[in-house]
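Student: Chains as they are written, first to last, in this note's numbering: chain A, 1 to 357; chain B, 358 to 625; chain C, 626 to 973.
Just so you know, the hints here were simulated from the structure itself, not pulled from any lab data.
You may find that some hints are simply not true.
[As the list claims (entries may be wrong)] Now the in silico label distances, taken between C-beta atoms and shown as ranges:
no., chain 1, residue 1, chain 2, residue 2, range
1, C, 969, A, 255, 52 to 62 Å
2, A, 244, B, 603, 50 to 60 Å
3, A, 50, C, 827, 46 to 56 Å
4, B, 471, C, 661, 56 to 66 Å
5, A, 46, C, 752, 40 to 50 Å
6, B, 505, C, 629, 25 to 35 Å
7, B, 379, C, 969, 33 to 43 Å
8, B, 376, C, 826, 50 to 60 Å
9, C, 942, A, 329, 31 to 41 Å
10, A, 329, C, 672, 50 to 60 Å
11, A, 244, B, 620, 45 to 55 Å
Beta carbons are placed, not taken as given, at the ideal position from N, Cα and C, and that holds for glycine.
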Amino acid sequence: MHDVTARPGPPVPAVPPAPAVPAVPAGRRRNRTRALGLLAALALLTAAAVLSVAVGAKALSPAEVWHGLTDPASPAYPVVNRMRVPRTLLGLLAGTALGLAGAVMQAVTRNPLADPGLLGINAGASAAIATAIAFLGVGGFTGYVWFGLAGAGVVSALVYAVGGGRRATPARLALAGAALNAALYSYVSAVMLLDSGSLDRMRFWTIGSLAATTPGTVAAVAPFVLVGAVLALALARPLNALAMGEESATALGARPARIRAGAVLTVTLLCGAATAACGPIVFIGLTVPHLVRALTGPDLRWMLPYCAVLAPLLLLGSDVLGRILGRPGELQVGIVTSVLGGLFFLLLVRRAKAARA
Amino acid sequence: MPLVAATPRLTARDLTLSYDRRTVAEGLDVEIPDHSFTVVIGPNACGKSTLLRALARVLRPTRGTVLLDGADLARLPARRVARTLGLLPQSSVAPDGITVADLVARGRHPHQGLLRQWSHEDERITEESMAATGVAELADRPVDELSGGQRQRVWIAMALAQQTPLLLLDEPTTYLDISHQIEVLDLCDRLHRTQGRTLVAVLHDLNQAARYATHLIVMRDGRVVAAGDPGEILTAELVEEVYRLPCRIIPDPETGTPLVVPAAPKRN
Amino acid sequence: MTDLARTRTLRTPGGLSVRYRPRTVLAVTACLFTAAAVAVATLGSGDYPLTPGEVLSALTGGGDPAADFVVNELRLPRVVTALLTGAALALSGAVLQALVRNPLGSPDILGLTQGATTGALLVVATGGSSLALAGGAVAGGTAAGALIRALARRGGTGGHRLVLVGIGVAAVLGGVNGYLLTRIQLMEAARALLWLTGSLDGRGWDDALPLLAVLAVLLPVVLLACGPGLRMLELGDDTALALGVPIERIRPALLACAVLLASVAAAAAGPVSFVALTAPQLARRLTRAPGPNLLASTAMGAALLAAADLAAQHAFGQRQLPVGVVTGVLGGGYLVWLLAAERRAGRL
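The shape of chain A in the complex, shown without the other chains:
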């Protein structure tokens, strides 16, 4: 098979990795631009978070929103403080988690198609949680999260092994993921159809939604995402070394096996927790790192922070969009991200074609 010809390669960045000695003024100027860009992205994210608190099925004026946020006696308090705020916070956490997980996966597999949703890792978490709900009677987020993590961990290892390990080609990895996705989701629907009690609890969760968030979920998912995020940022430098290939990395003093294990752990933590909290949301982890790479170049020390900011921006944006488009109800955020992400994916494949010799 001639995978090479169809490799949907990332928009090959013309920028080499940041030089180790940033003494040149040009490099410094570049870093300043990147830092300013990051600040701008943060500002956008804040705006999206504000919108997410302000917009919803129940129309509220800005003043009402403010009262609802601060004054427990206000009639808007239950909607704003108990529903929209947790939902926004979860969107931030889940977005960050998925964006970082995608960036780390793409780096470690050196594969532009690596995405937790596409590769079936989210589906693995779903299947484990479905099992827990239907057969073990587990309820509540704290119970879900451990199963989610276990499922995500098993499937990350499986898809990597089945997809061909270090020799995996993008197409093969994607197809291995597709196979796992189909099997796992069929399993989830079988479980749901055979047990109407679980069907009720899982129906919305399997589409991917932020709608039913409670403050408790946010508090429970936060530690996992934070640990995962710290791990991901710590991996930036080693992964940069690995990006130059196994042998060069070893020659530079990096330890590939250890880096890879760390990456799998990170991805498992981030994806497992995010999926347990809001169901499988696909394509965030694929699209955001690609976008960011075009902005910052392949240096993970910049890519990862950008992903951590832009991914929740996309997720919250999609969520707000879903609330607006779906009136009087709302569209689950998973639906919006899969349409947006799918379109972006098509664009990528077509662009890769144009870039090919």
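Use these hints to put chains B and C onto chain A, whose structure you have.
Tutor: Quick look at chains B and C alone, frame taken from chain A:
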């Protein structure tokens, strides 16, 4: 075999070749002398494989025509072309688990029909092709288990089974070690001399090209720089112009054909 | 075994000849026999159990009126739909896999199934009849096929590219389907969901006959007119062209056939996942022959879907599962195993 006519069977006039919108070659005029062993050489990305693909009808020219026996190649039915003109492409895929005999037999495709799937002639030619390339004893082995050199010979056998008077080979020696390279080239030489077939091959090695070719086409940047008998056209000036490589040309001690010896690096 | 795998030739005095492999003939026969056996078992099982002998006599016009009604009126349409759907999906999958030169090319992964779903959901949303629903599915699947072809087209279509474009289209359409589902009124949503999971429940002759007609036309077209060319395509585009296969004509024709088969199958039974993907792979392992194994795949698909439907009806006690769920679990699991096995064998 037809008599040598005034115009050769395979010619190309004013070819412009491109992939997508990227033009690889422009205004190419090429003649493949009948019964020759023509070798196309040139630096990487000079368009030599592209030219071969156009000659084989695999790539449609954006302008100009390839003429086979005076007719526009693009307008001829695919099957008829396939009975006259064979191609060994650079990239072929051996289906999983296919045996050598089955693969070689597929070369008979252009001669078969729905109700004439396997004539005695098909069988005879398949066996002869395997014998000629020395893979007859591998007939029942799966192709995936063979070594690179054996595999290449199997593919050549398939192209031979097509029984075409004209055979085009795109880098038949790539990925082979030196003994297998010589083996493949000797085989081509034999086919050309004993069976009178016209062979066109893209090669990388200048010295092998000079030794085996009866007609040499030298390309650079999508143009034909020189064409003719290797002994006459292969000069140090030409090599320097085409490859930017200072060199000396001496006679090959084995065959007397030109031998390109790169100049030693200047050390003071 | 090697003897069975060796190609034999049948020659007539007039100079005509046909090639066949005994092993392939055996595999096709075995699949057809299994399909028939499963069909008889399905016809005989349910609230009114019948022995195989009773089933056969009812089928041939004998037997008592009650058995005749249960077998020929109630159960036969569903069984026939299962057999035909399986055959159509498997043939579609076998063609697509050979076209993209990838064992995972299938209507599910390329987004054809999702397209059919979108078409069907649009019809459900506007409250169309079940005939309109089938029409919507066919139109949706065909449109998705055309879209993929158009997107993957520019500058020659590599097989992997078709797969990648298909994955993208499948994702977008999946999202669109989710949106449509949330937009559909509750009553229709139940109908849509049942269709969506790929169910053969309550299939009648109206579903089976169009499928039969399409198969009757396309099976010979694919097998006889395009089959030999498809075998050559396996060797790579350049080789196939050099061997005189008119790729520019045969590829769109085959793609159209595959799209049509998958869409019609989806119209009859909903998006039954993974039959198209697994049946050709299973068939290939039975015949141990390279090539698209079109006939063996078709027979295998019929047997597979009939068996999955039998399991879906009776393996989970009182509760019936949609057949699509059974094929999804079996097919997906099998596929993962397949990939792992290929990796172990060093074929990546």
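Student: For each hint, tell me whether it holds in the structure or not.
Tutor: Against the structure, the hints come out as follows:
At about 27 Å, the CB distance of residue 969 of chain C to residue 255 of chain A disagrees with the hint of 52 to 62 Å. Take residue 244 of chain A and residue 603 of chain B: their Cβ atoms lie about 35 Å apart, and the range 50 to 60 Å is violated. At roughly 52 Å, the beta-carbon separation of residue 50 of chain A and residue 827 of chain C lies within the given 46 to 56 Å, and the hint holds. The hinted window of 56 to 66 Å between residue 471 of chain B and residue 661 of chain C is violated, with their beta carbons roughly 28 Å apart.
Checking the proposed 40 to 50 Å range against residue 46 of chain A and residue 752 of chain C shows it holds: the Cβ atoms sit about 45 Å from each other. Range check, residue 505 of chain B to residue 629 of chain C: about 31 Å between beta-carbon atoms, so the 25 to 35 Å window is met. For the hinted restraint 33 to 43 Å between residue 379 of chain B and residue 969 of chain C, the CB-CB distance of approximately 41 Å keeps it satisfied. For residue 376 of chain B and residue 826 of chain C, the hinted distance range of 50 to 60 Å is satisfied, since their beta carbons lie about 52 Å from each other.
Between residue 942 of chain C and residue 329 of chain A the C-beta distance comes to about 36 Å, which sits within the given range of 31 to 41 Å. At roughly 41 Å, the beta carbons of residue 329 of chain A and residue 672 of chain C sit outside the given window of 50 to 60 Å. A hinted range of 45 to 55 Å for the beta carbons of residue 244 of chain A and residue 620 of chain B is inconsistent with their spacing of about 35 Å.
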